[in-house]
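Participant: Sequence:
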Amino acid sequence: MKTYKQIISYKRLRNETAWKLLATDNAPITLALLTTHLLDKERLLPSSILHERLNRELEQLRVHGEDLPQTAQNYISTWLKSGFLERSYEPQAKEEMYELSAATVQAIRFIQGLTEKRTVATESRLSLVIQQLGALAEQTEPDPESRIKNLLKEQQRIDAEIAAIREGKFEVLADERALERARELVALSDELANDFSQVRTRFQELNRQLRESIVENEGSRGDVLQSVFEGVDIISESEEGRTFRAFWRLLTDPEQSMELEVALEQILSRDFSEKLERRERRFLLQLTRILLERGEHVHEVLQHFARGLKQFVQSREYQEQRRINKLLKLAQRNALEIKNDINLFKEVGYTLTLSSSKVASLSQWALHDPSLDEVDSDIQQADGAEISLESIGELVAQSEIDFRKLKQNICHLLEQHQQISIAQVLDNYPAEQGLGSIIGYMSLGSRHGVISEEQKEIVEWSGMDSQSRKATIPCIYFMSERSHEFG
11 MKTYKQIISY KRLRNETAWK LLATDNAPIT LALLTTHLLD KERLLPSSIL HERLNRELEQ
71 LRVHGEDLPQ TAQNYISTWL KSGFLERSYE PQAKEEMYEL SAATVQAIRF IQGLTEKRTV
131 ATESRLSLVI QQLGALAEQT EPDPESRIKN LLKEQQRIDA EIAAIREGKF EVLADERALE
191 RARELVALSD ELANDFSQVR TRFQELNRQL RESIVENEGS RGDVLQSVFE GVDIISESEE
251 GRTFRAFWRL LTDPEQSMEL EVALEQILSR DFSEKLERRE RRFLLQLTRI LLERGEHVHE
311 VLQHFARGLK QFVQSREYQE QRRINKLLKL AQRNALEIKN DINLFKEVGY TLTLSSSKVA
371 SLSQWALHDP SLDEVDSDIQ QADGAEISLE SIGELVAQSE IDFRKLKQNI CHLLEQHQQI
431 SIAQVLDNYP AEQGLGSIIG YMSLGSRHGV ISEEQKEIVE WSGMDSQSRK ATIPCIYFMS
491 ERSHEFG
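Count along the sequence shown from 1, then add 10; that gives the number in the working numbering.
Treat the hints as calculated values from the structure; they're not laboratory data. One thing to keep in mind: the hints can contain errors.
Computed cross-link-like contacts, DSSO-like style, restricted to lysine-lysine with a CA-CA straight-line distance of at most 27 Å [to be verified]: (1) K368 with K356; (2) K51 with K339; (3) K51 with K104; (4) K179 with K163.
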């Protein structure tokens, strides 16, 4: 029964975040607050700034008679639990960041669509549909003769139009129709820009599903696990990943970007563009930057998930997760087996110590004296740690080292010297990957160099914290007569 299937589908959708947001008692206030602070301007706000702005906004709303008894912190906590907000920790950020979830953006756009005045069945929308249908029919045409025939017809039309223009017979699109088309393009571009949050959410779901698949697969190597071991980027090669990569290539194509910039400049220089709203003009001016920034963020998320999944497998962390998963399932089975034999009040022979916190009044506190924690400021210079060749294999397997760059450095120096050591290479080419570069050179030396276990040398590099570090390694020499081995 078709109606019943729709009822089941709508009941399922009723549990979705967007529907829940629209159904809340304070939906108008919640939507207005989230739109004002996390959609209209900044899309990503630090925790302290969001709390400060929201507290100030709540005070003003209470003056106008709105019943808002909770604090900004309580409202934000509720929105997080309900899925209206998302919390993340950005690189280099000092505190957590907040942004709208994809479902919240979807709910806001739905409400905004109800308030916007739009003329239905406009000429511009019909024209856009006709153009896209024609392009789809042409691009899916398998017959070469039909394609050639269509191209010749298009060529004749273009030649006729060129001839008419040379004779001064052409029409400039009326301002009303141009304005109508511009607003349709603004609406379409706005939807496209807001799609990025949904794309990122899909990647998050895919990443979680892949990890669950690896953990729950009882075999030594499932399909997903096997692919990761073989070096396949599962997330990028998924349907969602391929779709986004195609979009990202088009967006970052220099020729396409230039065409977009030129077209936007030309449109905004026309007289009809003055009739656009200020928000619409500002959006068109920033369209390229908006698409690139949001697309780049999704691209970084995609790369982060891919590296994380690879590390999850290579570090054997999935095996520990499998062990925990098995223990949980075993505990559940045991609980089901004894549920009819043990009641809530039966002694189990185990005492659980109740934890508690120590409570003291403020008058019992004593101020801390920093002088008590003073230590000798003299720092002894320690000898460099020694790195052995035996530990290199495992370190290489767990690292992402740019071996091609290291080989280029060695080959370049061997063109000038008969032999060089790792320390000499580092004197000319500092370790860009820190300890990873040292490990990479030692790995190459173990395969293509001459090792002197009796002799030692000290190598130096700088870490991500810009602190200089040293280590003692066996003397490894690269010879010019073996430079061909580096490819």
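Participant: Holds or violated: K51 with K339, Cα cutoff 27 Å?
Facilitator: violated (47 Å)
Participant: Would the hint linking K179 and K163 be met if the CA-CA limit is 27 Å?
Facilitator: Answer holds: K179 to K163 is near 21 Å, not above 27 Å.
Participant: Is K368 within 27 Å of K356, Cα to Cα?
Facilitator: The given pair, whose Cα atoms are some 31 Å apart, is violated under the 27 Å limit.
Participant: Within 27 Å, alpha carbon to alpha carbon, are K51 and K104?
Facilitator: holds (21 Å)
In this structure, the earlier hints numbered 1 and 2 are contradicted, and the remaining ones agree with it.
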